[in-house]
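Asker: Residue numbers (this note's numbering): 1 to 328.
Watch out, some of these pointers could steer you wrong.
What the hints assert, rightly or not - Listed next, with one range per pair, are the computed distances between beta-carbon atoms:
1) THR293 - GLU17: 37 to 43 Å
2) LYS81 - LEU280: 17 to 23 Å
3) ASN201 - GLU146: 26 to 32 Å
4) THR293 - GLU251: 32 to 38 Å
5) GLY318 - GLN15: 22 to 28 Å
6) SER24 - ILE260: 58 to 64 Å
7) GLU251 - GLU186: 26 to 32 Å
8) ILE260 - LYS21: 53 to 59 Å
9) ILE303 - GLN15: 23 to 29 Å
10) ASP199 - THR293: 24 to 30 Å
11) GLY82 - GLN52: 36 to 42 Å
12) GLU146 - PRO210: 25 to 31 Å
13) ASP288 - ALA187: 25 to 31 Å
To be verified - Below, computed lysine-lysine pairings styled on BS3-like, alpha-carbon distance capped at 30 Å:
14) LYS291 - LYS215
15) LYS226 - LYS319
16) LYS215 - LYS236
17) LYS327 - LYS278
18) LYS11 - LYS21
19) LYS190 - LYS327
20) LYS172 - LYS291
21) LYS226 - LYS172
22) LYS236 - LYS291
23) LYS291 - LYS278
24) LYS195 - LYS215
25) LYS278 - LYS81
Hints listed in this document are in silico derivations from the structure and should not be mistaken for laboratory results. No residue lacks a Cβ here, since even glycine has one placed at the ideal position from N, Cα and C.
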Amino acid sequence: MNNFQALVLDKVNDQMELDIKQLSMDDLPEGEVTIRVAYSSVNFKDGIVAYQGQLVESYPLVPGIDLAGTIIDSTDTRYKKGDEVIVTSYKLGTGHSGGFSEVARVPADWVVPLPEGLTSREAMILGTAGFTAALSVQRLEDNGLEPSQGPVLVAGATGGVGSIAVNMLANKGYDVVASTGKSNEEAYLKGLGAKQIIDRNEIVDTEQIPMREEKWAGAIDPVGGKTLQYILSTLKYGGSVATSGLTGGVEVSTTVIPFISRGINWLGIDSVECPMNKRLEVWNRLSDDLKPTNLNEDMVNEISLQELPEVLGNILEGKVRGRTLVKL
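My request is simple: use the sequences and hints to build the entire structure.
Answerer: So this is what it looks like as structure tokens:
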């Protein structure tokens, strides 16, 4: 395959251009491993790269922070032609051309062998969102969370991280309370395993109250901002919140009071520079005990490369539910 298609973001006369283009192997960046991409996926981060130019280190760039496929060439002895692999995070799709391409070339140190129990398609239904959700669940349980302690809140529950987290937690026996701004998605969230659905406006701190009634044994927060402020004020004694996103804003106003009066934990979740030993551990769990049971068409919308630009715009407007899979 000397020529292939890719979605390319470029900047011409200070204007960003996003187009599907024909590329050659010579257009690929440096790296030890060349991959025939089978699937990628759409994340909020991809939207801000493609339409806001945030995080982009240089142009032209192929966006896409996730990919899964088969190696077609490798100069690293750890990998050989025919190996099925996953690549997510690091600078993929921001500082290094990424997954929205039929062929990609990446550093060998970014490559994760596809675990037994996952197909390439399933791996990209999960992608960075699933990896982040699994990392969040693991961190909460490392900090003592157990199903017997009470309900667990998932904010932004119809998004990628939220949808997968709801299903993972429910499968592990937790009573999941799902928060969403989409009143028509109750059946979807209950199908994933949520016991209760609440409106996102119910968990927004507009009064800057540092402590409220204790409600949650734990929480998964891909939202941040005033939603996180509310969660911190309502965690049960010793409870933890795992924060991985900022769709609700980056500023958080709180005090030390809930931390020192209730012994709560605010856990930061980073999927970008997560060490490889931890990355392998979490991906193996995603193929085993943390593998969601709803990797089906109810959670997944599969699109082509040609449909991708529209979906990247929609995800920024909150119009995308669950996971969007890109078939290359």
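Asker: So, for every hint listed, does it hold in this structure?
Answerer: Hints, verified against the model:
no. : hint                        : in the structure
1   : THR293 - GLU17: 37 to 43 Å  : holds, 41 Å
2   : LYS81 - LEU280: 17 to 23 Å  : holds, 22 Å
3   : ASN201 - GLU146: 26 to 32 Å : holds, 30 Å
4   : THR293 - GLU251: 32 to 38 Å : holds, 37 Å
5   : GLY318 - GLN15: 22 to 28 Å  : holds, 26 Å
6   : SER24 - ILE260: 58 to 64 Å  : holds, 60 Å
7   : GLU251 - GLU186: 26 to 32 Å : holds, 30 Å
8   : ILE260 - LYS21: 53 to 59 Å  : holds, 55 Å
9   : ILE303 - GLN15: 23 to 29 Å  : holds, 26 Å
10  : ASP199 - THR293: 24 to 30 Å : holds, 26 Å
11  : GLY82 - GLN52: 36 to 42 Å   : holds, 38 Å
12  : GLU146 - PRO210: 25 to 31 Å : holds, 26 Å
13  : ASP288 - ALA187: 25 to 31 Å : holds, 29 Å
14  : LYS291 - LYS215             : holds, 27 Å
15  : LYS226 - LYS319             : holds, 21 Å
16  : LYS215 - LYS236             : holds, 6 Å
17  : LYS327 - LYS278             : holds, 28 Å
18  : LYS11 - LYS21               : holds, 14 Å
19  : LYS190 - LYS327             : holds, 28 Å
20  : LYS172 - LYS291             : holds, 11 Å
21  : LYS226 - LYS172             : holds, 28 Å
22  : LYS236 - LYS291             : holds, 28 Å
23  : LYS291 - LYS278             : holds, 17 Å
24  : LYS195 - LYS215             : holds, 15 Å
25  : LYS278 - LYS81              : holds, 25 Å
Every hint, counting from the list given before, is met by this structure.
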